[in-house]
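Trainee: Next come the chains, spelled out residue by residue.
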Amino acid sequence: MKRETIEKCLLLEQSGELGALMKWRLHRALRHSVEARAMQVELEQIMSAQSSADELEISGFTVSRIMDEGARVLDRREAVKKHARPLPFFSLWRPAVVYAAAALLLVVGISYMTFLRDVPQIADNDISQPEETFVEWNGDFDEQITELDTMLALASEGDWEAWEPKAQDTADDSESIARELLLLEGEQI
Amino acid sequence: MEHPEKEWIARYRGGDVEALGRLVEHYRRPLFGFILRMTEGRGDAEEIFQEVWVRALRNLHTYRHKSFLSWLFRIAHNLVIDQARKKKPAMSLQDENEEGQRFEEKVASPSLGPALESGGRELGGKIGRAVSMLPPEQREVFMMRMEGGVPFREIAKIQGTSINTALARMQYALAKLRETLKTEHDELAASLSQ
Numbered sequence: 001m002k003r004e005t006i007e008k009c010l011l012l013e014q015s016g017e018l019g020a021l022m023k024w025r026l027h028r029a030l031r032h033s034v035e036a037r038a039m040q041v042e043l044e045q046i047m048s049a050q051s052s053a054d055e056l057e058i059s060g061f062t063v064s065r066i067m068d069e070g071a072r073v074l075d076r077r078e079a080v081k082k083h084a085r086p087l088p089f090f091s092l093w094r095p096a097v098v099y100a101a102a103a104l105l106l107v108v109g110i111s112y113m114t115f116l117r118d119v120p121q122i123a124d125n126d127i128s129q130p131e132e133t134f135v136e137w138n139g140d141f142d143e144q145i146t147e148l149d150t151m152l153a154l155a156s157e158g159d160w161e162a163w164e165p166k167a168q169d170t171a172d173d174s175e176s177i178a179r180e181l182l183l184l185e186g187e188q189i
Numbered sequence: 001m002e003h004p005e006k007e008w009i010a011r012y013r014g015g016d017v018e019a020l021g022r023l024v025e026h027y028r029r030p031l032f033g034f035i036l037r038m039t040e041g042r043g044d045a046e047e048i049f050q051e052v053w054v055r056a057l058r059n060l061h062t063y064r065h066k067s068f069l070s071w072l073f074r075i076a077h078n079l080v081i082d083q084a085r086k087k088k089p090a091m092s093l094q095d096e097n098e099e100g101q102r103f104e105e106k107v108a109s110p111s112l113g114p115a116l117e118s119g120g121r122e123l124g125g126k127i128g129r130a131v132s133m134l135p136p137e138q139r140e141v142f143m144m145r146m147e148g149g150v151p152f153r154e155i156a157k158i159q160g161t162s163i164n165t166a167l168a169r170m171q172y173a174l175a176k177l178r179e180t181l182k183t184e185h186d187e188l189a190a191s192l193s194q
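Read top to bottom, the protein sequences are chains A and B.
For the first sequence, our numbering puts the final residue at 189, and the numbers step up evenly by one.
For the second sequence, our numbering puts the final residue at 194, and the numbers step up evenly by one.
Don't read these hints as lab results, they were simulated from the structure.
Here the structure is a predicted model, which is why all the values come from computation and not from measurement.
Here a beta-carbon is modelled for each residue, glycine too, at the ideal position from N, C-alpha and C.
Okay, derived cross-link-like pairs now, SDA-like style, lysine to any residue, Cα gap no bigger than 20 angstroms in a straight line:
1) K176/B with L43/A
2) K182/B with E44/A
3) K176/B with R3/A
4) K82/A with G14/B
5) K81/A with L60/B
6) K23/A with A168/B
7) K2/A with Y172/B
8) K157/B with G16/A
9) K176/B with Q45/A
10) K176/B with M47/A
11) K182/B with L43/A
12) K81/A with G14/B
13) K157/B with E13/A
14) K2/A with T165/B
15) K81/A with V17/B
16) K182/B with A38/A
17) K176/B with A38/A
18) K23/A with I163/B
19) K157/B with L18/A
20) K176/B with L11/A
21) K182/B with M47/A
22) K182/B with V34/A
23) K66/B with G16/A
24) K126/B with V41/A
25) K2/A with A168/B
26) K66/B with L12/A
27) K66/B with I163/B
Pulled from the structure, derived: some chain B residues nowhere near chain A, Cβ distances all over 12 angstroms:
28) K6
29) H77
30) N78
31) I81
32) P136
33) T161
Label-pair restraints from in silico Cβ distances:
34) P95/A with R29/B: 48 to 56 angstroms
35) Y63/B with A101/A: 37 to 45 angstroms
36) Y63/B with R28/A: 35 to 43 angstroms
37) A84/A with T165/B: 45 to 53 angstroms
38) K86/B with E78/A: 30 to 38 angstroms
39) D118/A with N59/B: 56 to 64 angstroms
40) G160/B with M47/A: 24 to 32 angstroms
Next comes chain B alone, as it looks inside the complex:
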């Protein structure tokens, strides 16, 4: 089936709670990946992930969007902003927490476990760290696009900007990633030119 999520939504509305489980699993990766990158830790991310679903379920009757994931991203975007406002507004990446650890070090590897630091996931790990260092707006565009496959037009709506701004943010993000991954990029360019 092309859009099984639509069937799951319909089944859940019809009283089938198991269909909800499938729906949550279906969107877990893009949604949680996005939230994880936009927040400061796994605990906050799980809390927001749960809250996104609670709000989505309570307002399911108002859902009219074409893409359910875009709708979830929109809710997540608002919750991430709310949470950021609740936290210290003037917090800097150079500030230290109670344990004397700098936030910069913390967000640089917010959720990367030891498994990610080795083998074929090395590049993924590098990208992950580089993405975490991006400004929130650029990080958000990058994550929505790369993790959620949300179109730029939709991202622009969620961020309340134009499609050109969303594209420019993505380009800035890519430029910074390119800097970080300069070695890999040069090797790739060399292999293609041969």
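Okay, chain A solo, but in the shape it has when bound:
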């Protein structure tokens, strides 16, 4: 290690700011270098000599003024505490209202969010799962289907007359009905 680095490390070690690695390197240098050891001793010597260098007495007047100021600071603090007015009702009431409003907003917000989350689910259900409808079975339905099938079959063959009622048959029916009615009334045609 360089002399300058050793001195820096010694200073930092003395102040408790030297890292572990540098501390290890410093102690290795101290073991191997006379000059490093001399620097260490010199530093300690300067420190101990410095600490016994002066008579650092302070005049009683200075100390008493500090103590007076200390007492004044405490008195002022006490006075501030005593004269501190109690908080007016509004000061206590207002925060309560603010907190209540905040809580209400929170509840409304949560409810609204829940509602928004649920609405699309209902819509999806409507689309994907339609309501089941129960239709009562109608017996005529089979006949109608059969007739429709027949009509379609005939239509495909182009024979439309096959299914139309014949005019001759209709006339026969009317005559027989009229004959029966006259018999009932005792008249002959």
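We have chain A already, so just place chain B on it with the hints.
Mentor: Okay, now just chain B, sitting in the frame of chain A:
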């Protein structure tokens, strides 16, 4: 107790003024030593020392630092700068005061009484004089570190510089002290190499 000052602060906050007295006494030496070295005389130093405590007490509710002493040093640092600005900005160490005494001679032994010039305190006296001749930034780092035990990281914050700059200032200060104390240094090196 490991940190009695914390208890004293708490007791003072609780209304015990005596606890403040203990606190002032506890920090007297490092704080006043620092201020004394950074100002031009005992009168100024005592004034600043008092002002540091007044400001600290008035702003005790804002104190959040880990180290109370570092906080006091920070206040002292600002007050020393303020005072230096109020005084003649272009004042040189070679200037003379009203009594015809050069400031250089005055700051060379700002607070050393006769007792310091004799016996086992001779080295301390030499160091004291050498420190007084250092540039303010280097002197400040040296005093905060040596008197207050303030870590370099904290010193760097107080001076508004990097930790490397604070370390370099300390190294310059030590180099100058080494020059001043060359005889002692050579004797020490010789005794270790034997």
